[in-house]
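A.B. asks: In terms of the working numbering, the numbers along the sequence shown are unbroken and rise by one, the last being 431.
Do not take every clue at face value.
Think about it this way: if two alpha-carbon atoms lie no more than 25 Å apart in a straight line, the pair counts; the simulated BS3-like pairs of lysine-lysine are [said to hold, decoys possible]:
hint	residue 1	residue 2
1	Lys-190	Lys-407
2	Lys-310	Lys-148
3	Lys-56	Lys-15
4	Lys-167	Lys-190
5	Lys-192	Lys-56
6	Lys-167	Lys-310
7	Lys-71	Lys-56
8	Lys-71	Lys-407
9	Lys-56	Lys-310
10	Lys-71	Lys-15
11	Lys-190	Lys-148
12	Lys-192	Lys-167
Calculated from the structure, these hints are not laboratory results. Quick caveat, the model's predicted, so the values are computed rather than measured.
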Amino acid sequence: LVKPDLALKDASADDYSAIVFSGGWGMAQYQYGFEGTYHNSAYNGSSITKSIVNDLINDFIVQDKYVAAVCYGVSVLAYAEVDGTPLLSGHDVTGFNGPAPSADGRSQQSRDQLESRGATVFASAAIGDPSTSTDDVYIDGKIITAENYDAAFAFGSTLGKNILADHETSGDAGTNGQPTDTQKPKPVLMVIANQDFYHREYYETRASLEAAGLEVVVAAATTETATPHAISVVEGREGNVDPDLALADASADDYSTIIFIGGYGAASYQYANETTYDNPVYEGDDLVKATVNRLINDFVAQDKPLTAICNGVSVLAWARVDGVSPLAGHTVSSWAATLPSADGGQIQFTRTQIEANGAVQVASGSVGDPTTVEDDVIVDGNIITAENYDSAYQFGAVVAKQVIAISQASDAAAHDSAITQMMSA
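Based on the provided sequences and hints, a complete structural model is requested.
C.D. replies: Right, here's the structure in full:
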């Protein structure tokens, strides 16, 4: 159950950056211009509430703020009217492609309702990856719509990204409407292996970070094209990645955090691991390992988060800061199975390596919802870790949240310091 914070009649567009309508058939009660009668009386709503909703939508539009909806909530926008014209008339949208509540003795379809109000509705899963609707979010000016619950995460991320972008370029953002250097966090440094990184972890973590408005810079041992584990590439996605820079050219000064992506190739960055991997590719280069360790130390010295997903967590485990693993004494989530074999066929386990370096690794699926690992992300101080590819979207979102919070706190401290200096001058 959800207890609303306020009644719609008490809401003012002046106080918010956007208005968002969630899905569910209950949203029918807010359809201002719907002239039929739903068989379920709960869906008919009241004319007063419908007018309040329509006035709110108009106020957000007048203030050039976002009007957004997901699933059947898009029908509220469809039946809203601005100067007597349906709001979505002439707009492209995505939304629920199934039935609407029955009315006037016949069944209703959500698509038909939207199109009857002049909107053009995309087919299900027509946006982005055709194998899923998780990325089915569409932006048409200040109107943002999403297909259904599967697209909810991307919907929220997209809306947040656009609100932040508008804030940065607004007249209040900086001198002459330009954002100041302190308003946007520094880019995220994402480290992948040149061979055998896990593509889903790279792709979905990156997508989540970028949806939150963060820039991602990809580094590897060299700038040669990086090739992933073939099994890790979702059909329709480009597998190979061209790193933006070599690790030797990266500086912690330029980034807000460092992320190590998993895959067996991550083993090539394990600084203090004295085993010998059977596949020489995973042995890596001592100079590169030292470079990675230096970078980790620099991020620690600057009090910036160290983050990793899946086998990437083992890179942090084998790093050394003042002779100790940065994971020592921390609780982490990570891949619950094997690393590449070493020392003549000996099976290596991620958990064994992590706990040998003083960390505690939680059981698979033990964070949040026990039926899934999608939310298995742990924040322990400045260490952020995630279990595997299924956790990648949430991992990126959590890292973004932490980075943005740190940046905002830094900006606030700088602002307070500037005011103090000005008053004491």
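A.B. asks: Evaluate each hint against the coordinates.
C.D. replies: Hint by hint, here is what the structure shows:
{"no.": "1", "hint": "Lys-190 to Lys-407", "result": "holds (13 Å)"}
{"no.": "2", "hint": "Lys-310 to Lys-148", "result": "violated (35 Å)"}
{"no.": "3", "hint": "Lys-56 to Lys-15", "result": "holds (10 Å)"}
{"no.": "4", "hint": "Lys-167 to Lys-190", "result": "holds (12 Å)"}
{"no.": "5", "hint": "Lys-192 to Lys-56", "result": "violated (44 Å)"}
{"no.": "6", "hint": "Lys-167 to Lys-310", "result": "holds (22 Å)"}
{"no.": "7", "hint": "Lys-71 to Lys-56", "result": "holds (20 Å)"}
{"no.": "8", "hint": "Lys-71 to Lys-407", "result": "holds (23 Å)"}
{"no.": "9", "hint": "Lys-56 to Lys-310", "result": "violated (48 Å)"}
{"no.": "10", "hint": "Lys-71 to Lys-15", "result": "holds (19 Å)"}
{"no.": "11", "hint": "Lys-190 to Lys-148", "result": "holds (22 Å)"}
{"no.": "12", "hint": "Lys-192 to Lys-167", "result": "holds (15 Å)"}
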